[in-house]
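Q: Residues per chain are reported as follows:
There are 4 protein chains.
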Amino acid sequence: MGKSRLEAFSDGVLAIVITIMVLEIKVPHDATLAGLAPLVPVFLSYVLSFVYIGIYWNNHHHMIHATNRVTGRIMWANLHLLFWLSLLPFATGWMGENHFAALPSALYGFVLLAAAIAYWLLQQSIIADQGEQSILMRAVGGDWKGKLSPLLYLIGILATLLAPWVAQAMYVLVALIWLVPDRRIEHTLQMGADGSPRSNATTGHQGSREDA
Amino acid sequence: MGKSRLEAFSDGVLAIVITIMVLEIKVPHDATLAGLAPLVPVFLSYVLSFVYIGIYWNNHHHMIHATNRVTGRIMWANLHLLFWLSLLPFATGWMGENHFAALPSALYGFVLLAAAIAYWLLQQSIIADQGEQSILMRAVGGDWKGKLSPLLYLIGILATLLAPWVAQAMYVLVALIWLVPDRRIEHTLQMGADGSPRSNATTGHQGSREDA
Amino acid sequence: MGKSRLEAFSDGVLAIVITIMVLEIKVPHDATLAGLAPLVPVFLSYVLSFVYIGIYWNNHHHMIHATNRVTGRIMWANLHLLFWLSLLPFATGWMGENHFAALPSALYGFVLLAAAIAYWLLQQSIIADQGEQSILMRAVGGDWKGKLSPLLYLIGILATLLAPWVAQAMYVLVALIWLVPDRRIEHTLQMGADGSPRSNATTGHQGSREDA
Amino acid sequence: MGKSRLEAFSDGVLAIVITIMVLEIKVPHDATLAGLAPLVPVFLSYVLSFVYIGIYWNNHHHMIHATNRVTGRIMWANLHLLFWLSLLPFATGWMGENHFAALPSALYGFVLLAAAIAYWLLQQSIIADQGEQSILMRAVGGDWKGKLSPLLYLIGILATLLAPWVAQAMYVLVALIWLVPDRRIEHTLQMGADGSPRSNATTGHQGSREDA
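So the sequence lines, in the order shown, correspond to chains B, G, P and Y. Position 131 (the first sequence) corresponds to 131 in the numbering used here; numbering is contiguous. Position 70 (the second sequence) corresponds to 1070 in the numbering used here; numbering is contiguous. Position 157 (the third sequence) corresponds to 2157 in the numbering used here; numbering is contiguous. Position 97 (the fourth sequence) corresponds to 3097 in the numbering used here; numbering is contiguous.
Keep in mind the hints are simulated off the structure, nothing from the lab. Please note that the accuracy of each hint is not assured.
Listed next, the stretches of chain G that the computed footprint assigns to chain B, with coverage defined by at least 3 CB atoms under 8 Å from CB atoms of chain B [stated by the list, open to error]: (1) 1012–1026; (2) 1031–1041.
Distance condition first, Cα-Cα at most 20 Å in a straight line; then the derived PhoX-like pairs of lysine-lysine [to be verified]: (3) Y:K3003 with P:K2003; (4) B:K26 with G:K1026; (5) B:K3 with Y:K3026; (6) B:K26 with Y:K3026; (7) G:K1003 with P:K2003; (8) Y:K3026 with G:K1026.
The structure presented is a predicted model; accordingly, all values stated were derived computationally and were not measured. All C-beta atoms, glycine included, are put in the ideal place defined by N, C-alpha and C.
Please construct the entire structure, taking both the sequences and the accompanying hints into account.
A: In structure tokens, the structure reads:
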């Protein structure tokens, strides 16, 4: 079972999620700065969520790149991740419209937490299929980011009981931590490069060159 | 006529269907739990429909994988399936907003029934093109799931006359039955593996290896 | 310049157009048949437009398949076609909400007419690039469908001045004429098949087999 | 790291952006010309933005075609460009609904300016990765369009203080300047063609032919 349709479907869903979030920024009827002002928190929520979807797309890209085959379990783990990410537009809109109030901020953190757990489950299902010696397993290693993020989300969710701005700070902090793409996988992939074909793009070409 | 664009278009439509359904979960103006409460049935409908689209995408993936070529009839059978699935966001929103009332629950079941019939027609049009000895024909076999599902949908639709919750139970039951991906095709595909190239990804590589 | 991204982008736009049209079928607040009744014309408009997008996707598929390369002119001719098709959801919604009234029916016909002209322009720009001897040129031949359709649209548009139902009849008639995929191209392609690779999928494999 | 998913994701986002803009053309309840009249500026804004997205897709296509590999920096530079383009539907809707009033026109220009800067940053990050001798570097050359556009946008934004129609004229002017696809890259690519495979599609085939 090839992984190209899994990538295509995930790319499609993420591209739509990232784009329909902008529909929550409702066009004001007023052509003045006063009409634009209430949209500032909606816009800031959008920026944060855009960055998060970008991070997920980026790391998903790396993870599937280090995956050899797609099983039924991996497919459903992937759909589970997409499910939580598909709720981000709703959580973003609710948090933005209510100017980062406590409950919407907690829900936003909950969706991020659930997506993080779903990502971890997907990673585990790939490693379970491909063994302890898989590229992904070696690449992920200690995975301190994956372990720290849920903790920071939890702190953020609990912090909404006292001061919602702490939650926002946590969500921004996690985004900053992840903004650096997962160089571990990239690095391990390069180290493991031994001339064998890795992707459709290079396969035919390398094969032909070897023939020559 | 290649099948890659059929897959790409179907993936696109399914990715959009799965994502615009979330737009039916309207962002409440109220930042309280009371504001969130009426959305619970809308959310539950969304989860059910998300799972159904996931199932269809998964099985569609397997079915097209076992297809050799795409004829005009297969293309239209595929569009017919996408038509009914594209109505799922509407049916989901209506059922969710009306808290699983009788008529919306019956309509939801009707859309599921029509999609199931469309899927069966697509399967038949592929088998008709590729003969009784096709991989798909051998893989589908008795197809008890495909025969049981429409029956359960029908029971669900009729049950809305008496008790709508029976309909919901039927729809959840069918989803559970299908959650297991169609291992028959996966199994038959592996059994039939005789070294001949199966997908773009492996073609070039295997070809090159055979040259060496 | 490859044609895969042109196909991917067109598939994406058509998949979204076909799916956002369903958003015009607004979920009624009423869980009764009376609540559903006013949606019947909206639904019928949706069915007609779905079939039209399906036809365009299908024929676009065939046309690009018979295209060797993509020039700047072809790209813009393609975007021009997508522009008019992107207006179909608006025209569909307006016609459906106003129960096939005269002016919305005329606008709907106008969008179909403009799309037909855009399709013809795209076809011409491909033939202009690939010469009189191109597969597409031989395949299109007399192109009576392409010549008849704009005429029928025009009759439909003018008929809205007297009786809008004549317009609907014309639009349904053209859809029926086109429902048969463009077998001419399919046929010419098969006739021209002389063992040379036609698509990415078969290229690597055939090449390798020839080596063996 | 392959560039196919970067292309697929960008195509997806641009296809959705171009299509959801049409949702801002709200279906009027009135089936008369009077009901359609207020939509004329919304429609004109849509045409302008459609052309802009078409230009960006077109040039993005050429730029990525001249790119050898995708680094983390290129990925984020690409997401940054998509971020600004994703705001175009909002800016388009606001400008159209307010009949090209001063402030919405200025905001529209600001989004275009930010997108132009993001495009330039993406171009720089690709050149930085691939060196002064890269195909892209040679192709871009003086890049007078890339340098003139931000200036014209700035003039447009400032002009909204005096006469918003000057801003519209500037935005239309820049669109016209860019409507011609970036022939420089196309030209340089052809000049640099020395028989080595350039894309997946041709790789296997050419390689095989060389073997023969």
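Q: Hint by hint, say whether it matches the structure.
A: Checked hints:
no. : hint                 : verdict
1   : 1012–1026            : holds (count 10)
2   : 1031–1041            : holds (count 4)
3   : Y:K3003 with P:K2003 : holds (16 Å)
4   : B:K26 with G:K1026   : holds (13 Å)
5   : B:K3 with Y:K3026    : violated (39 Å)
6   : B:K26 with Y:K3026   : holds (13 Å)
7   : G:K1003 with P:K2003 : holds (16 Å)
8   : Y:K3026 with G:K1026 : holds (18 Å)
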